[in-house]
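Enquirer: Based on these hints, arrange chain U on the given structure of chain H.
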Amino acid sequence: MSRLVRSFAFRWALGIALWSTLLSLLLFAFVYWQTAAFMQDELAEVLRHEARYAAGDTAKAAARIETWVSEDLHSVHFAGLFGADGRKLAGNLDARPPELPLDGEVHRIGTQVAIAGRRLHEELWSAARSLEDGTVVVVAHDTDEIDRAKATVIRALGLALVPTLAFSILGGVLLAGRARRRLASTEAAVARVMRGDLRQRLPVGEAGDEFDRLARDVNVMLDEIERLMEEVRGVGDAVAHDLRTPLTRLRLRLERGRDQARDVEELRQAVDQGLIWIDQTLEMVTAVLRIGEIEHGRRCAAFGPVDLKLVVSEAAELFEPLADDKGIALGIGIEEGASAVRGDRSLIFEAVSNLLDNAIKFTPTGGRVGIGLAWRDGVAVVSVEDTGPGIAAGERDHVFKRFYRAERARQTEGNGLGLGLVAAIAKLHGFPLSVGDGPLGGCRFEMACPTVGPCPTIR
Amino acid sequence: MAKLLLIEDDAATAEEILADLQGRGHEVAWAATGPAGADAARSGIWNAILLDRMLPGLDGLTLLRDLRAAGDRTPALVLSALGDVDERIRGLRAGGDDYLGKPFVLAELAARIEALLRRPTDSRETVLRVGTLELDLIASTGRRGVRDLDLLPRELKLLEYLMRRPGQVVTRAMMFEEVWNYRFAPKSNLIDVHVGRLRRKLEAEGEPMLIQNVRGEGFTLTPDV
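So the sequences go chain by chain: H and U.
Residue 1038 in my numbering sits at position 161 of the first sequence; the count goes up by one each step and never skips.
Residue 153 in my numbering sits at position 64 of the second sequence; the count goes up by one each step and never skips.
These are computed hints drawn from the structure, not numbers from a lab.
Check the hints yourself; a few may be wrong.
Reference listing, derived: stretches of chain H covered by chain U, where coverage requires no fewer than 3 residues with Cβ under 8 Å from a Cβ of chain U [unchecked claim]:
#, stretch
1, 1193-1199
2, 1227-1240
Restraint-style ranges between C-beta atoms, simulated for each label pair [stated by the list, open to error]:
#, chain 1, residue 1, chain 2, residue 2, range
3, U, TYR250, H, PRO1182, 23 to 33 Å
4, H, GLU1142, U, ARG213, 17 to 27 Å
5, H, PRO1266, U, GLY305, 26 to 36 Å
6, H, ARG1126, U, GLU214, 42 to 52 Å
7, H, LEU1075, U, ASN136, 58 to 68 Å
8, U, TYR250, H, LEU1075, 51 to 61 Å
9, H, ASP1254, U, THR122, 39 to 49 Å
10, U, ASN302, H, GLY1113, 35 to 45 Å
11, H, ASP1274, U, ARG182, 34 to 44 Å
Bear in mind that the values here come from a model prediction, so they are computed numbers and not experimental data.
Just so it is clear, CB atoms sit at the ideal spot from N, CA and C, and this is done for glycine as well.
Same shape as in the complex, but just chain H (with noise of 0.2 Å):
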């Protein structure tokens, strides 16, 4: 019970209750004094007007007051015709009241009544004026009519308060409970990540309304997270299992050479095939920090306004003759407009050549390997496809990954880090990165570039 009264739902709604309450004391009050006053004034009205009416013919006077009292059907009306001295001419009020002024306006008093031959203390509204012979007339009306209406009114206003609330109440109850529910499933999935299952997801409902959406995007950023988690774990593998191969190579080698080694030559050549592999290790691990540096947007010093043109160019400028040589036709397309966008001028280039190295590496001897800046609604898309067997549509995923090795790249030399470089400097600069089918056979990378980048100015 505790919770569900801590619970934000239930504040919120128990809030909305006394509010609504509150509003609806406000009417009340507003409804009773308007009504109040509308009949007071009324009968104020009366009054003031059967008074002057009296008044206004001496003679008449006392028949004027008789018929007034005579009118009414309820022993609430009064009336009184005092002389001078005064002593009572006619009506139903024994004495003048001593401190009701003689100005025609209407005044509550309390005074001695006589109603069928009873006395009586009674609140009257009256009015009194004097005549031109010094008699005073006094009209009045019982409050009794007024103030029952007023309670009635109050009684009616009260009554009805209680059930207002009362449902109020009672629907923040419900409705805190429903979302105390609808929280209770995704509190339990939410345990049971914090204790370490990171495949949990929330529910999500079919509604479609906040809560359903905060539980998608969190579960969006469990996905992330998990993946982050998995990538860690297997970059550890992978280092581990990557960093041996060389390294069991080059123990070998180094032993063999020397055992066997029958001159300096031959030693030479152990050491110089050892630190091929070393430099392949040392590589390896150059390109796990360096893709660490850049995913932790430490390389900021060197960003700048960077001409994709130039680059785009320059890279396929330095790598034609590879391509050359392995009789691949490079191709270049370049779309005119402002090809000015922000980054690491150094690093884009590397990730653009790594690309194309890839492309190269990836597409048999007569192939193509084309490179490209294109326009897309003011955003520059550098592309490279080629003509190489193309990536599964299910490895696509992962071929940013540090260490994945497609299918197709299995029996190519390399570490499976090109393209998580490029992943990370793409990442950096805010480039979304994608691969897809190229247009040629094989695969396409698109790295788009939008003319503003997240990177601050020099530090």
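Expert: Coordinates of chain U only, in the frame set by chain H:
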């Protein structure tokens, strides 16, 4: 022979560098800490200083900055385990003339020291000559003897870079940095392919070789006469 100062705190690394540079005929002194290095550097007798980025007692870049502030222009090469571009920029801003990330190959270090010691020939010269090779930078034309060379713009730049450093070993990384003006380690055969193309144009059938491949180190342009 050059007098070099090495400021490096790791004894094993220093020992290898000392042995290699001495083997190449240099006279090398070694300081193991920042303050000791700063004292040695102030003597002003060095042709070049190699210093590690991170030193005990006094940071390498601070040392270098102090030295430059004192008006010392001795060429300096910064060595660092931080190979990152940002670090490189910091190193060069502090007054370094070159920057080499660890791990490095000794041959690369030697070639870069050589480059620091032998400043390239006067850069205002617009016609370069090495042996029978002639390069006109204004007209963008090259000739070997009487034979005109058909050179692409990048080949022209590559040849200019080599011709300004005749007889000097330049590594692939140095060429990539200076000729292409990008800073990362390209695949080793990429530069070789470009040098190979240039070489085929320079050395037509029967002509003596101009560009030599120095095994494990890089390339060097040697005059043919």
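Enquirer: Could you check the hint for me, namely that TYR250/U and LEU1075/H are 51 to 61 Å apart, CB to CB?
Expert: holds (54 Å)
Enquirer: Establish whether the coverage given for the stretch 1227-1240 of chain H by chain U is satisfied; the threshold is a Cβ-Cβ distance below 8 Å, and no fewer than three residues must meet it.
Expert: holds (count 3)
Enquirer: Please check whether PRO1266/H and GLY305/U have a Cβ separation lying inside 26 to 36 Å.
Expert: holds (35 Å)
Enquirer: Take the C-beta atom of ARG1126/H and the C-beta atom of GLU214/U, compute their distance, and say whether it sits inside 42 to 52 Å.
Expert: Given a distance of about 49 Å, which is inside 42 to 52 Å, the answer is holds.
Enquirer: Given the hint of 58 to 68 Å, is the C-beta distance from LEU1075/H to ASN136/U inside that range or not?
Expert: Once the Cβ atoms are compared, 59 Å apart, the range 58 to 68 Å for ASN136/U and LEU1075/H holds.
Enquirer: Taking 35 to 45 Å as the hint, is the beta-carbon distance of ASN302/U and GLY1113/H inside that range?
Expert: holds (39 Å)
Enquirer: With 34 to 44 Å as the target window, see if ASP1274/H and ARG182/U comply at their CB atoms.
Expert: Holds - the Cβ-Cβ distance for ASP1274/H and ARG182/U, about 41 Å, lies within 34 to 44 Å.
Enquirer: A range of 23 to 33 Å was offered for this pair. Does it hold for the Cβ distance of TYR250/U and PRO1182/H?
Expert: Distance hint for TYR250/U, PRO1182/H holds at roughly 26 Å.
Enquirer: Should the hint that GLU1142/H and ARG213/U are 17 to 27 Å apart at their CB atoms be regarded as holding?
Expert: violated (47 Å)
Enquirer: Counting residues of the stretch 1193-1199 of chain H that have a beta-carbon nearer than 8 Å to any beta-carbon of chain U, does the count reach 3?
Expert: That given contact holds, which follows from 5 residues of the stretch 1193-1199 of chain H lying within Cβ reach (below 8 Å) of chain U.
Enquirer: Honestly, do ASP1254/H and THR122/U meet the 39 to 49 Å range at C-beta?
Expert: violated (58 Å)
Hints 4, 9, counting from the list given before, are not met by this structure.
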